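Student: Construct the entire structure; sequences and hints are all you get.
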Amino acid sequence: MDSPWDELTLAFSRTSMFPFFDIAHYLVSVMALKRQPGAVAVAWKNPLSSWFTAMLHCFGGGILSCVLLAEPPLRFLANNTNILLASSIWYITFFCPCDLVSQGYSFLPVQLLAAGMKEVTRTWKIVGGVTHANTYYKNGWIVMIAVGWARGAGGSIITNFEQLVKGGWKPEANEWLKMSYPAKVTLLGSVIFTFQHTKHLAVSRHNLMFLYTMFLVATKITMMITETATVPFALFEDALSRMLFGWQQQFTPCEKKSETKSSFNGTGSSTSKPIAVASDTVKKKHTKKT
Amino acid sequence: MDSPWDELTLAFSRTSMFPFFDIAHYLVSVMALKRQPGAVAVAWKNPLSSWFTAMLHCFGGGILSCVLLAEPPLRFLANNTNILLASSIWYITFFCPCDLVSQGYSFLPVQLLAAGMKEVTRTWKIVGGVTHANTYYKNGWIVMIAVGWARGAGGSIITNFEQLVKGGWKPEANEWLKMSYPAKVTLLGSVIFTFQHTKHLAVSRHNLMFLYTMFLVATKITMMITETATVPFALFEDALSRMLFGWQQQFTPCEKKSETKSSFNGTGSSTSKPIAVASDTVKKKHTKKT
Amino acid sequence: MDSPWDELTLAFSRTSMFPFFDIAHYLVSVMALKRQPGAVAVAWKNPLSSWFTAMLHCFGGGILSCVLLAEPPLRFLANNTNILLASSIWYITFFCPCDLVSQGYSFLPVQLLAAGMKEVTRTWKIVGGVTHANTYYKNGWIVMIAVGWARGAGGSIITNFEQLVKGGWKPEANEWLKMSYPAKVTLLGSVIFTFQHTKHLAVSRHNLMFLYTMFLVATKITMMITETATVPFALFEDALSRMLFGWQQQFTPCEKKSETKSSFNGTGSSTSKPIAVASDTVKKKHTKKT
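In order, the protein sequences belong to chains Y, S and H.
Going left to right, the first sequence walks through residues 1 to 290 as full-length UniProt numbering numbers them.
Going left to right, the second sequence walks through residues 1 to 290 as full-length UniProt numbering numbers them.
Going left to right, the third sequence walks through residues 1 to 290 as full-length UniProt numbering numbers them.
Just so you know, these hints were derived from the structure itself, not from any lab.
Watch out, some of these pointers could steer you wrong.
Unchecked claim - Derived coverage of chain Y by chain H (criterion: at least 3 residues anywhere in the stretch with Cβ under 8 Å from a Cβ of chain H; other residues may be distant): (1) 38 to 51; (2) 77 to 86; (3) 204 to 216.
Given the structure is predicted, the values throughout are model-derived calculations rather than measurements.
Where a beta carbon is used, it is the ideal one built from N, C-alpha and C, also for glycine.
Tutor: This is the structure:
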């Protein structure tokens, strides 16, 4: 147990997120907010609202996990140091003269470094969420997965919800449906760490943290360099979906019948789309199969 | 106290909901979800989203009551058995080959049986909510009514809210206004059981549970067989509303004036509708009166 | 410490809000609800929904602060006396024959008295929120400011949110952005009382409560009499914003560039508005400066 590998991973798993990784996380989140159209104008017109949105971008995952566990959503405000850190980053990002921060951030190496460090914080958040949920529900492994997922990738849900309230976001069903890549990879990590925590996965946590973080950083940087949005899970997902749901494609006629029956209960306008979607879904599966 | 009637009702009030009544509740809820247009297509495209919506349909009332009492909304996820039960019912309902479940459910007797058993679970939920709220607020009878109501009929509110977030539901004021029949009957039951719990109603709980459940099942099955949506409370409601608010119909001129005054503060477009509504409300009351 | 001034302010700070000031607060809130177009028609069609909205108008701030601190939002329902008081005021306001209450309230002196007493309750709410939040987080002064602000001015947020769910409110970004006068003055008071509570402000609480309440009442009545909506903070805000963000107006070219860059990431339709807003913001600042 004293192999250099174990020492390395153990030292890695004991790294403190506080000063530098948190800064990278805040920087990436605030820059993503600034990239949104109109964000700069909002910051000029009403700095308080822009600051609030920036805080939601930085601490959204923690807020969502607090809501799901009925803890005070304001808890993140009790950590004055992190609040001041994120606020100062928001301030220099939006109000730095001549927009130096954005110009510095526009260089690819800086973006790669910041994005990689942000992915490291994701692992810490998932582990923290899983461990925290386990203190509430001893064998509630579904809760552990959900909380780890929420803390790791819940920021987008919170910000979408805020934009919905602010009216800046017109929700569409398919936006809500398709999971983004971070949501998928965070769900995978939450499942893995939950099984590790419930001793169903015979691997030490620090090794798992190291490997999962390396996987996160590698995929993220690869996607940023190649500027591709294709999720490396496509094959895995396709196999899983075919294993779970795909074995019915031979029953397509029956399935079609049920779809038609279900569509009879709705107005023609709203049902025309889903049926088309379903049919081209079936088509896609067929093409994949052949 | 040893009359056969008491023994019957006592045994009935001790019936466990777990295996069969819960299954009926999940089946009815998931079938109601599948009846929605596009639900099948969503289940094919994104099973996770469909599963989440199905869980909200099955456990919505409990989630709402947890939110109202500041308990973890994820608590329902900690009950792994019920989650797996509901998930398997969702799975076989949506992905059963040749759609056997829907075809079996399309027979009226099956629907009647399932709907009746679901109504039985409603009584248990109301009683559980009232008792649970009483542990928080000793003499907060308003809270007890609200929590019992939320746990018994809160599923529709949660699912409407979810559809609002998903953008699949365009809310309209009158949709929010008119209470559905389950909401009304659940409110009545919540009031009754609250008064029984606060000893204002001199009847033993098991008798009340038996009678209320019989009333629920009878009205529900009658409404399903006769395919009518007329609420049996119409007369009672009319009498109550006339007793509380109806004695002003002789002051209609004054009432009209106030409406006109209040309408001056709004934009002409939005006020035209309410006034029309109010006027035809007054008309309807008059016609009822005559 | 026994000066008559201290005795006066001490006695004032010990005034009980319960019977009269609460009644004034409920009356002002319910009258503001009744002024909304269509509120009277809703009260006639569905009294329960109107009663629920009225309760949200009366207790919205407390509900929001409960949500933020993960306390039961139903706690306000446990105070049966206040609920019955507010309900009776809602009843006589909406259903009083010949609309006597509205006619009596339409006299300016009555409105001034009620509005002044409502402002007094605002001070009590802020102090209560700050003190309550301090029991949770010893040195979380940001939380104390937020909770005091929420309890003092959170009613509008809750009611806007309810209208959003009911579909009666089409949100617009700028509605959310600009803070109303009560929100600003409540934020100021929350900051003041938080600093007083954390001993950063060397003034006794009862003096501060007296002075802040006098300031609230004076500004409110002045605004009502002169029927002006100009906030007396305009100069202060302008100086603060120029001190914090204004020193970059010499970098307007750089700022413009950044705005253009940020606008490239959005669709042309949605970005055209914010840029215009930003540019006229810059213009306005220039005109202010000259």
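Student: Closer than 8 Å Cβ to Cβ for three or more residues is the test here. Does the segment 204 to 216 of chain Y pass it with chain H?
Tutor: Violated: only 0 residues of the segment 204 to 216 of chain Y have a Cβ under 8 Å from chain H.
Student: Do three or more residues from the segment 77 to 86 of chain Y put their C-beta atoms closer than 8 Å to C-beta atoms of chain H?
Tutor: holds (count 4)
Student: Taking 8 Å as the C-beta cutoff, is the stated coverage of the segment 38 to 51 of chain Y by chain H satisfied by three or more residues?
Tutor: Answer holds; 11 residues pass the 8 Å Cβ test.
In the structure shown, a violation is registered for the earlier hint numbered 3 alone.
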